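For chain A, the structure is supplied; the task is to place chain B on it using the hints.
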Amino acid sequence: MSADSSTAVILPAPARPVPAPSRLAGWLVKTSHVLVGAIVPLLLLALWQHAASAHWLPAQLLPSPALVYASFIDLWQSGDLTSNLVISLKRVGWSLLLGGGAGLVLGVLFGFSRRARAYLYPTFEVVAQFPVIGWIPLLIIFVGIGEPLKVLAISLAVIVPVTVQTTKGIAQVPRPLLDVARVYRFSLPQVITRVVLPSALPTLFNGLRQAVMQAWLALVFVELLAAGEGVGYLMVWGRQLLQLDLVVVAMILIGMVGVVLDRALALIENRLQRWRRNAF
Amino acid sequence: MSTSSTRTALWQRDWRGLVFPVLFVALWQVAASAGWVNTKLIVSPLAVLQAGWQEITANGFAHALAASLARDLAGFVLGSLAGIAFGTLLGLSRWADRLLGPTFHTVRQISLFAWIPLISIWLGYTDQARVLFIAVAAFYPVVLSTHEGIRSVSKAQFEVARVYGFSRWQRLVRLVLPAASPQILTGLNLALIYAWLATIGAEFLLPSFDAAGVGATVIRGRSAFRVDVIIVGMLVIGLTGYALNRLAQRLENRLLIWRGPAH
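If you read the protein sequences in the order shown, they are chains A and B. Following the UniProt record's numbering, the numbering of the first sequence begins with 1 at its first residue and continues without gaps. Following the UniProt record's numbering, the numbering of the second sequence begins with 1 at its first residue and continues without gaps.
Isolated chain B (complex conformation):
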């Protein structure tokens, strides 16, 4: 369905969705260049493009983006590995679920950003603090989805594994994790979105001079009252999130190809 719609010829595409953004940008440009508005507040789209070009070529914006992405990835990997391990424990052992589940579900209700002051006191305004926070953000969705995925493995499959005399380890690696992988991947996808949110949040709330990042660029723009830089940063943040999401979905579809077409 999606492949056939992307393959449709250009003139058959629905271009109506572009009308509003194009009109909006045109109006924005006209308003700014005709001097209808305070151009210190409402910077023209062309100025935003120029600022973007300048940030990329002169101010090392690519470096900042790379630093943010590295942080994002480190936190995501840490958090999701821990999440898969903890979710597997909760899913496989009823006792672990009864012992640790209530604590986990209560702590989960503490709004994510409420961890930042505590983390900042313990670890300071360092990169470890930021990565830890991102890992916490990625941890929750992965635990929940892994738990759910493992719970949904059918009893019949377990019995087959028993008939074949699988060891505990074989059961985990060859039956449970593959059977739960669709849900785990959904959780990882969600974790990726949360990790990017947390990356930007951590750069806003745990700022430091030596740490480069997209969030840091935006803060610099704010303190210099450079609306163009802020908008560039916002666009990059949004587009990066969008790209990460699309990439994750592609990967998910590719990895789950063995399931065959959905019914």
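Just chain A, same shape as in the assembly:
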């Protein structure tokens, strides 16, 4: 007994066995969290509605929630919302292919070749510090304000994180694993598919995740600056007509796409992690 009490003084108290929560209890807790989280948005909505109906601000500066909802449904049914969204997503998709491909090639080059890293990485590092939106005026001079401008600008936003994370991922491949591969006389494709990819994949994916978020940021910027269609243009249009409901609808849409992208990427990343744990 005395030994017990003396260790209790030195060591932190042993964790109390937590009773395993039943399914129902877990579900209840989750639901209550969602409900509590919904309080503030509902209050804000009520405040917004009240401010609009009491005319605290002119209707051009503060459209009522009902008007925003009506324009949302309107734009949705006329297909304007989806067509503009599709155009924006296409731009992001092409840029991810182009910029992601270029970033992957650069990253592999930097990861495998010490010489390439010595010659090119310092330049890359300095150029990567330049904010993407600083490039856009120059790009406009060279390629005009058409579709190439958007794809190039977003691609630039994608290249940097993909290159950095690919380089890092390859550099972090454990040396012993490569040695083992050499002992087993793996061919280069085997080394890549069986050793490099499995251990670099989480880092590569991290690069992709950053790239998607940067691409979405850059897309909205380019579309606000120079576009004739797309979700960003929807806002410019609403701004010019002084129809704030359009602007708010576009903001909600942009936020929704952001949430979906974020959730989807987090889900895939989670999957990858689980798979990784099983693999080793």
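Keep in mind that a hint or two might mislead.
Just a sample of chain A residues kept apart from chain B, beta carbon distances all over 10 Å, derived [unchecked claim]:
(1) 96
(2) 148
(3) 184
(4) 204
(5) 209
Label pairs and their calculated CB-CB ranges [to be verified]:
(6) B:159 with A:57: 47 to 53 Å
(7) B:24 with A:241: 41 to 47 Å
(8) A:34 with B:66: 47 to 53 Å
(9) A:102 with B:18: 22 to 28 Å
(10) A:273 with B:66: 44 to 50 Å
(11) A:28 with B:208: 51 to 57 Å
(12) B:106 with A:25: 22 to 28 Å
(13) B:62 with A:177: 37 to 43 Å
(14) A:34 with B:154: 53 to 59 Å
Over the 12 Å line for every Cβ pair with chain B, so calculated as not near, a few chain A residues [stated by the list, open to error]:
(15) 39
(16) 70
(17) 74
(18) 105
(19) 118
(20) 176
(21) 181
(22) 188
(23) 192
(24) 244
(25) 263
(26) 269
(27) 270
(28) 272
Hints were generated in silico from the structure; no laboratory data involved. Computed from a predicted model, the values in this text were never measured in an experiment. Where is the CB? At the ideal position from N, CA and C, for every residue including glycine.
Chain B alone, transformed into the frame defined by chain A:
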């Protein structure tokens, strides 16, 4: 590690990184002066230098840069103060986190520049609008990192504070904030990068004639089709961002010196 590598003698440095930029600039100059390319589009590096010199001496470029930096700083300070306060609230109070967290994390997903049309309708093309936008950009990373930093304060330290009978305020100022400071500083560093991005973005998207700034200079160059001025502006934007980043890292290392060498 970094100090020893910066102290290495000149001839021991790795100069190979300079080969590519030097070749690139040389080729650029040769191509422009030999007339291989349209010199209206591809201006020679020397012309860029000349334009830079002219911008600095004659066109008040320093004034424009100072105006941009002042805007950047004002937005950064506002946004990060608000961010530290809000992040502390979320970190300290589980109830605040449950009430406000979901809203914050949803609103955060609205791409940063999507705020510009709304802000421009409410505040017009004014400096207040620009500073507010920069503050929004700085706010998010600071909230996230402050929240995370405060959550990672160990329970044991809290108990020590309780044993010493710290008041709520003392606990906050003498325990929680210092313990969370590494993460807060990381967030501030990130916020500085975002604030500079937002400064340039705001000058592009909320232009006005009376507002000087580096972004405004670039826009002027674009409308006058002066590629040299655009390149000067781009270089200054990039180098300023780089300098701010380096400065922040130096400051961070200096402020965190009490943590001792990293293991």
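Quick rundown of the hints versus the structure:
no.	hint	verdict
1	96	holds, 16 Å
2	148	holds, 15 Å
3	184	holds, 34 Å
4	204	holds, 22 Å
5	209	holds, 14 Å
6	B:159 with A:57: 47 to 53 Å	holds, 50 Å
7	B:24 with A:241: 41 to 47 Å	holds, 46 Å
8	A:34 with B:66: 47 to 53 Å	holds, 49 Å
9	A:102 with B:18: 22 to 28 Å	holds, 23 Å
10	A:273 with B:66: 44 to 50 Å	holds, 47 Å
11	A:28 with B:208: 51 to 57 Å	holds, 54 Å
12	B:106 with A:25: 22 to 28 Å	holds, 26 Å
13	B:62 with A:177: 37 to 43 Å	violated, 54 Å
14	A:34 with B:154: 53 to 59 Å	violated, 30 Å
15	39	violated, 6 Å
16	70	holds, 19 Å
17	74	holds, 19 Å
18	105	holds, 16 Å
19	118	violated, 4 Å
20	176	holds, 22 Å
21	181	holds, 29 Å
22	188	holds, 26 Å
23	192	holds, 27 Å
24	244	violated, 6 Å
25	263	violated, 9 Å
26	269	holds, 16 Å
27	270	holds, 17 Å
28	272	holds, 22 Å
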